[in-house]
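Participant: Please put together the full structure from these sequences, using the hints given.
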Amino acid sequence: MNKNIFLVGIVFALFLSSIAMAQSSSVSSVTTTSSVTTATTGTSVVVTTTATASGGDVSNTQLQLVKVSGNGSGSCTGSSDLSVSDPGSPYTYTTTVSTSGTTKSFTFTVGNCGVYTYRVTATWSGGSRSSSDATVEFIDPTSMTVTARPSTAQANLTQIFNLSIDIQNSQSSNITTSYSLNTSGGIIRNSGDDESSTGITIIAGTTQTLSWVLKHNSCFTSTKTVTFDLGDKASATTMTVTGNSSCATGSSSSSTSTSSGGGGGGSTSTQVKAIVAKQAAPNTIKATFSAIAKDKEAVVEVPSDVDTGLTKILFTAAKALTSAQITVAKLDSAPASISAPVSAEPSVKVYKYIEISHNIAEPEIAAATIQFDIDKSWLDANNIDPAKVVLNRYSSDKWTKLITSKTAESSTKVSYSAATPGFSVFAISGEEKGAAAATGGEGQQTTEGGPSGGTPEQPAATTQTPLGAVDTSLLIGVVILIVIIAAGLVMMRKKSSRSGRQSGYYVARKK
Numbered sequence: 004m005n006k007n008i009f010l011v012g013i014v015f016a017l018f019l020s021s022i023a024m025a026q027s028s029s030v031s032s033v034t035t036t037s038s039v040t041t042a043t044t045g046t047s048v049v050v051t052t053t054a055t056a057s058g059g060d061v062s063n064t065q066l067q068l069v070k071v072s073g074n075g076s077g078s079c080t081g082s083s084d085l086s087v088s089d090p091g092s093p094y095t096y097t098t099t100v101s102t103s104g105t106t107k108s109f110t111f112t113v114g115n116c117g118v119y120t121y122r123v124t125a126t127w128s129g130g131s132r133s134s135s136d137a138t139v140e141f142i143d144p145t146s147m148t149v150t151a152r153p154s155t156a157q158a159n160l161t162q163i164f165n166l167s168i169d170i171q172n173s174q175s176s177n178i179t180t181s182y183s184l185n186t187s188g189g190i191i192r193n194s195g196d197d198e199s200s201t202g203i204t205i206i207a208g209t210t211q212t213l214s215w216v217l218k219h220n221s222c223f224t225s226t227k228t229v230t231f232d233l234g235d236k237a238s239a240t241t242m243t244v245t246g247n248s249s250c251a252t253g254s255s256s257s258s259t260s261t262s263s264g265g266g267g268g269g270s271t272s273t274q275v276k277a278i279v280a281k282q283a284a285p286n287t288i289k290a291t292f293s294a295i296a297k298d299k300e301a302v303v304e305v306p307s308d309v310d311t312g313l314t315k316i317l318f319t320a321a322k323a324l325t326s327a328q329i330t331v332a333k334l335d336s337a338p339a340s341i342s343a344p345v346s347a348e349p350s351v352k353v354y355k356y357i358e359i360s361h362n363i364a365e366p367e368i369a370a371a372t373i374q375f376d377i378d379k380s381w382l383d384a385n386n387i388d389p390a391k392v393v394l395n396r397y398s399s400d401k402w403t404k405l406i407t408s409k410t411a412e413s414s415t416k417v418s419y420s421a422a423t424p425g426f427s428v429f430a431i432s433g434e435e436k437g438a439a440a441a442t443g444g445e446g447q448q449t450t451e452g453g454p455s456g457g458t459p460e461q462p463a464a465t466t467q468t469p470l471g472a473v474d475t476s477l478l479i480g481v482v483i484l485i486v487i488i489a490a491g492l493v494m495m496r497k498k499s500s501r502s503g504r505q506s507g508y509y510v511a512r513k514k
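End of the sequence shown sits at 514 in my numbering; the numbers just go up one at a time, nothing left out.
Treat the hints as calculated values from the structure; they're not laboratory data. Source: prediction; values computed, not measured. Be aware that a few hints might be false.
Unchecked claim - Cross-link-like lysine to aspartate or glutamate pairs, in silico, EDC-like; alpha carbons within 20 angstroms at most:
id: 1; residue 1: K236; residue 2: D136
id: 2; residue 1: K352; residue 2: D335
id: 3; residue 1: K276; residue 2: D308
id: 4; residue 1: K281; residue 2: D310
id: 5; residue 1: K281; residue 2: D388
id: 6; residue 1: K436; residue 2: E348
id: 7; residue 1: K107; residue 2: D143
id: 8; residue 1: K70; residue 2: E140
id: 9; residue 1: K379; residue 2: D400
id: 10; residue 1: K236; residue 2: E140
id: 11; residue 1: K352; residue 2: D378
id: 12; residue 1: K416; residue 2: D310
id: 13; residue 1: K409; residue 2: D376
id: 14; residue 1: K416; residue 2: D376
id: 15; residue 1: K107; residue 2: D60
id: 16; residue 1: K401; residue 2: D378
id: 17; residue 1: K315; residue 2: D388
id: 18; residue 1: K281; residue 2: D169
id: 19; residue 1: K70; residue 2: D169
id: 20; residue 1: K352; residue 2: D308
Facilitator: Below you can see the structure in the form of structure tokens.
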């Protein structure tokens, strides 16, 4: 009897142990990535975190963004707490962390400039786990030079006038900033860039120009002020507008205007040509269309002294468009946000990177074509086959080869044309003569770092899986094995008892 009780106790203890192991589900890792690395104070930064469980889903887990430190530097007067706008109060997520990973985002800013270190902590009933520390630098918006062109204007009622804002980033790192254009009563935005943005990136050592056409739409006879806010710096620059004394309707637009460079205008019966203006940033132009009728072909002619590689952009409007804008900029390398190379083949060389930004939605473009030239000197220096030159477009996190055709050739250049479904970042590339055909088809997505020399994306912070975490399938197998062993021991015990009784009966009969 005592042996039976002892056996049952062992089985029961093993069963309780298996239950305890099955309940050891935990958050095994927490990772974070940041939308930017440098921003102005008052500009929102988005941190995306992914928590992953092991041993089973972990319910009622709190995810919290935690400031580790904030160090003021330079003109900064001190650190401040993280101001979280999403999620709302109490600024934490209560969620179930799954074994496949649960992803959430935090949106925050700070009030004082400096380098801020943060982490995301996951807390559940069985413990807590944090991501590795990461940093975001916030700078004072006054460290960038902001200029209004012109600073004054005069406009009668109904007249329009121009305003350009130059934002100069003389620092060595790209800076993301929010902005807002604020018009007084009687002045409205007629066309141009957006009046506000939660974040635009000013490339290191360049000047970003924003342009608007404003209108005196409601009578005022004195002066009004148009202000421009940058980050949390109110009225970083201003423009003073004088109305007319009698509020008579103006017969023409105000003579106050600005220009950043050359450009052309006019249209034919089948084409509408953009007004092209050079921007303060090197090799950058902004093309503006006041209106494009449906089915009209719009043309952007890139000046020959703007070194983008492109010569002309053509697109057909799928619907009537007003105040359409296209900005074309040569990039020294692929943007830091693009880690994939144009091609994994070492025989493929990049001639130029170009970014085409715009305020036109892709469904509003029926068809588009990009024309470009390549210097023969570059083709010869890199042993490039002119027949293997292509225009590549970056979209949906991958590079896609566009159908590219050679159109002309001179003593110094080779001209090409490529159809594109939309505008984004492009790369003109060529393949060396005699190189083997690249593996993969058109639109192949690559995974290694490219020749851009840009800043690589910060690797996600992570932590190791805790020793107590056990795979669910393994636990089930352990429980089944314990039950089989216990059943076998019980059967052996019963068999032994029966065998003893039978043996005793036989001996008694023999005597």
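Participant: So which of the earlier hints does this model not fit?
Facilitator: Failing hints, ascending: 1, 5, 7, 9, 16, 17, 19, 20.
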